[in-house]
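Participant: So the chains spell out like this:
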Amino acid sequence: MNRWWWKIACIVLLTYTFTAGLLFDVPRVRILNETIRNLYFHVSMWFSMMILFTVSVVNAVKYLRSNKLKYDIRSRHFAVMGIVLGLLGYSTGLIWASYTWVDPNNAASASFGAIAREPKLIGAAIALLIYLAYLVLRDSVADLDKKARVSAVYNIFAFAFLFPSIWIIPRLLPSLHPGGDGNPALNYNDIDARMRMVFYPAVIGWTLLGTWIATLKVRTTYLKEKNLLS
Amino acid sequence: MLTLFKKDVLLEIRQQYSFYGVLLYVASTIFVLFLAIDAPESQVWNGLFWVIQLFVCINAVAKSFLQESRGRMLYFGALVSAQNFILAKLLFNSVLMLVMSGLSLLLFYLFFGNPSLKPLQFAGIVLLGGWSLSLVFSFLAAIAAKAQQNAAIMAILGFPLIIPQLVILMKISATSFSTEATVPVTALLLLVVLDILVVLLSIILFPFLWKD
Numbered sequence: 000m001n002r003w004w005w006k007i008a009c010i011v012l013l014t015y016t017f018t019a020g021l022l023f024d025v026p027r028v029r030i031l032n033e034t035i036r037n038l039y040f041h042v043s044m045w046f047s048m049m050i051l052f053t054v055s056v057v058n059a060v061k062y063l064r065s066n067k068l069k070y071d072i073r074s075r076h077f078a079v080m081g082i083v084l085g086l087l088g089y090s091t092g093l094i095w096a097s098y099t100w101v102d103p104n105n106a107a108s109a110s111f112g113a114i115a116r117e118p119k120l121i122g123a124a125i126a127l128l129i130y131l132a133y134l135v136l137r138d139s140v141a142d143l144d145k146k147a148r149v150s151a152v153y154n155i156f157a158f159a160f161l162f163p164s165i166w167i168i169p170r171l172l173p174s175l176h177p178g179g180d181g182n183p184a185l186n187y188n189d190i191d192a193r194m195r196m197v198f199y200p201a202v203i204g205w206t207l208l209g210t211w212i213a214t215l216k217v218r219t220t221y222l223k224e225k226n227l228l229s
Numbered sequence: 000m001l002t003l004f005k006k007d008v009l010l011e012i013r014q015q016y017s018f019y020g021v022l023l024y025v026a027s028t029i030f031v032l033f034l035a036i037d038a039p040e041s042q043v044w045n046g047l048f049w050v051i052q053l054f055v056c057i058n059a060v061a062k063s064f065l066q067e068s069r070g071r072m073l074y075f076g077a078l079v080s081a082q083n084f085i086l087a088k089l090l091f092n093s094v095l096m097l098v099m100s101g102l103s104l105l106l107f108y109l110f111f112g113n114p115s116l117k118p119l120q121f122a123g124i125v126l127l128g129g130w131s132l133s134l135v136f137s138f139l140a141a142i143a144a145k146a147q148q149n150a151a152i153m154a155i156l157g158f159p160l161i162i163p164q165l166v167i168l169m170k171i172s173a174t175s176f177s178t179e180a181t182v183p184v185t186a187l188l189l190l191v192v193l194d195i196l197v198v199l200l201s202i203i204l205f206p207f208l209w210k211d
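In order, the protein sequence lines correspond to chains A and B. Numbering-wise (numbering that gives the first Met the number 0), the first sequence opens with residue 0 and increments by one. Numbering-wise (numbering that gives the first Met the number 0), the second sequence opens with residue 0 and increments by one.
Hints in this document: simulated from the structure, not taken from any laboratory. If you're wondering where the values come from, they're calculated on a predicted model, not measured in any experiment. Glycine included, every Cβ here is placed at the ideal spot set by N, Cα and C. Worth double-checking, as some hints may not be accurate.
With a Cα cut of at most 25 Å, we get these calculated SDA-like pairs of lysine to any residue [what the hints assert, rightly or not]:
#1 A:LYS145 x B:GLY70
#2 A:LYS145 x B:LEU119
#3 B:LYS210 x A:LYS216
#4 B:LYS117 x B:VAL98
#5 B:LYS5 x B:ASP194
#6 B:LYS62 x A:VAL56
#7 A:LYS216 x A:THR99
#8 A:LYS146 x B:GLU40
#9 B:LYS117 x B:GLU40
#10 A:LYS216 x A:VAL56
#11 B:LYS62 x B:LEU102
#12 A:LYS145 x B:TYR74
#13 B:LYS210 x B:VAL184
#14 A:LYS145 x B:PHE158
A few chain A residues that face chain B, going by a derived Cβ cut-off under 8 Å, partial list only [claimed, not checked]:
#15 ILE129
#16 LEU134
#17 LEU136
#18 SER139
#19 LEU143
#20 ALA159
#21 PRO163
#22 TRP166
Based on the sequences and whatever the hints tell you, model everything.
Facilitator: In structure tokens, the structure reads:
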């Protein structure tokens, strides 16, 4: 946990994402135009959200296997960082949609009803609601061990539902959102080689940033709960 | 496991107030709806029906774990394994919810008429849906009971989880309101796979909730 090389990697990758993402040449696509650069931020944030949630679940499983509270603390903080990245994903998506989906003849708020019906948005909302419910559940139990156990169980159970809601259902419903068939952004036809050069580092960079913040919070909690963990 | 199932059934027969309570809940919500709107079109009908199903399910299933006192849980803990216990609960709640689904479907037909063009197919979907709902909420009831919370936390935990299933259910059931649309088999299979997943997860995860 005290190794530092990946923190430098995080800074380098994100600096690269910001400079290359804003300066490099991008393919011209109708309607999207320059907003296509948002791919490096919007899509990669959702990717890293899923990665962080996965880390959270892995820690929940580890907790149930070992009954060590440190895994529970990790599981919680990674879930919180996942929620933060999800919210960031929403806000970047908001910016993107306001240039591409919004009906330019009306006020932006008039298009909200139509846009909010988007299956991908609903799936993402489900993901965030699940983890917010997870936090509520955690706070509702006073006993430390019981809290850890119950919330780990819910975490695993909920994660099993997260996958259908994010990856399967949006594909069964009609959608305006790109990436309806195949694997969005992983498909070779979807994005241009030039963009892939920035996109993958961006995903890693955002994930590392999330991990960094989460580990900081984990470590402060370790210090606070020192007497419980020893 | 069967013994436990029998015990739940017996308890239900002896303490009929809870069963009738849920029954009354079903009847009164549908009656209120009947007073509020007359002759809804098929899409509204479908939407209302599944929302009512959702709330009926929460009410019917919530008490299954909450009714067991701490002492009785310990007693069961000494007698049977956790897997058998959760399986018995799932079975009982499934049966309960199937009965409730059937009843609310009948009441809906009675009060709002039958806009469905393929009633048999719709009834089948309703039973499958009721079963899916009951499985998910049984496990959530177990979690809520462990957190010593009321049905409110169950609703908070359950709603985001159940939305995907409800979306699939509404999508499938909408097909029985038109003559040309056929049931999407993939969606149906997905629902069944999710149900199996819930049962498996319950069997794996419940022992962790069980031990105190």
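Participant: None of the hints should be skipped; say for each whether it holds.
Facilitator: So, going through the hints one by one against the coordinates:
Our distance criterion of 25 Å between C-alpha atoms is met by LYS145 (chain A) and GLY70 (chain B), whose separation comes to about 18 Å. Between LYS145 (chain A) and LEU119 (chain B), the direct Cα distance comes to roughly 46 Å. Violation of the 25 Å bound is thereby established for this hinted pair. For a cut-off of 25 Å, the pair hint linking LYS210 (chain B) to LYS216 (chain A) is broken: about 30 Å separates their Cα positions. Between LYS117 (chain B) and VAL98 (chain B), the direct Cα distance comes to roughly 21 Å. Compliance with the 25 Å bound is thereby established for this hinted pair.
Restraint check: the Cα-Cα separation between LYS5 (chain B) and ASP194 (chain B) comes to about 23 Å, which is no more than 25 Å; the hinted pair holds. Between LYS62 (chain B) and VAL56 (chain A), the direct Cα distance comes to roughly 29 Å. Violation of the 25 Å bound is thereby established for this hinted pair. Of the pairs offered as hints, the one joining LYS216 (chain A) and THR99 (chain A) is violated, with about 37 Å between alpha carbons and a cut-off of 25 Å exceeded. For the hint pairing LYS146 (chain A) with GLU40 (chain B), the CA-to-CA distance comes to about 46 Å; that exceeds 25 Å, so the pair is violated.
Our distance criterion of 25 Å between C-alpha atoms is met by LYS117 (chain B) and GLU40 (chain B), whose separation comes to about 16 Å. For the given pair, LYS216 (chain A) sits about 17 Å from VAL56 (chain A) by alpha-carbon distance, which is consistent with the 25 Å threshold. Among the hinted pairs, LYS62 (chain B) with LEU102 (chain B) is consistent with the structure: their alpha-carbon atoms are about 19 Å apart, no more than 25 Å. Between LYS145 (chain A) and TYR74 (chain B) the CA atoms are separated by roughly 20 Å; this keeps the pair inside 25 Å, and the hint holds.
Our distance criterion of 25 Å between C-alpha atoms is broken by LYS210 (chain B) and VAL184 (chain B), whose separation comes to about 40 Å. Restraint check: the Cα-Cα separation between LYS145 (chain A) and PHE158 (chain B) comes to about 23 Å, which is no more than 25 Å; the hinted pair holds. Residue-level restraint check for ILE129 (chain A) holds (minimum Cβ-Cβ distance to chain B is 4 Å; threshold 8 Å). Against a cut-off of 8 Å between C-beta atoms, the interface hint on LEU134 (chain A) is violated, since the closest Cβ of chain B lies about 10 Å away.
Contact between LEU136 (chain A) and chain B, as hinted, is supported at the beta carbon level, the nearest pair being about 6 Å apart and thus within 8 Å. Taken as an interface hint, SER139 (chain A) checks out: its beta carbon lies about 6 Å from the nearest beta carbon of chain B, inside 8 Å. Using the Cβ-Cβ criterion of 8 Å, the hint placing LEU143 (chain A) at the interface with chain B is not satisfied: the shortest such distance is roughly 13 Å. Residue-level restraint check for ALA159 (chain A) holds (minimum Cβ-Cβ distance to chain B is 6 Å; threshold 8 Å).
Evaluation of the PRO163 (chain A) hint against chain B yields a held restraint, the C-beta minimum of about 5 Å falling below 8 Å. Interface hint status for TRP166 (chain A): violated, as the beta-carbon distance to the closest one in chain B is roughly 11 Å, over 8 Å.
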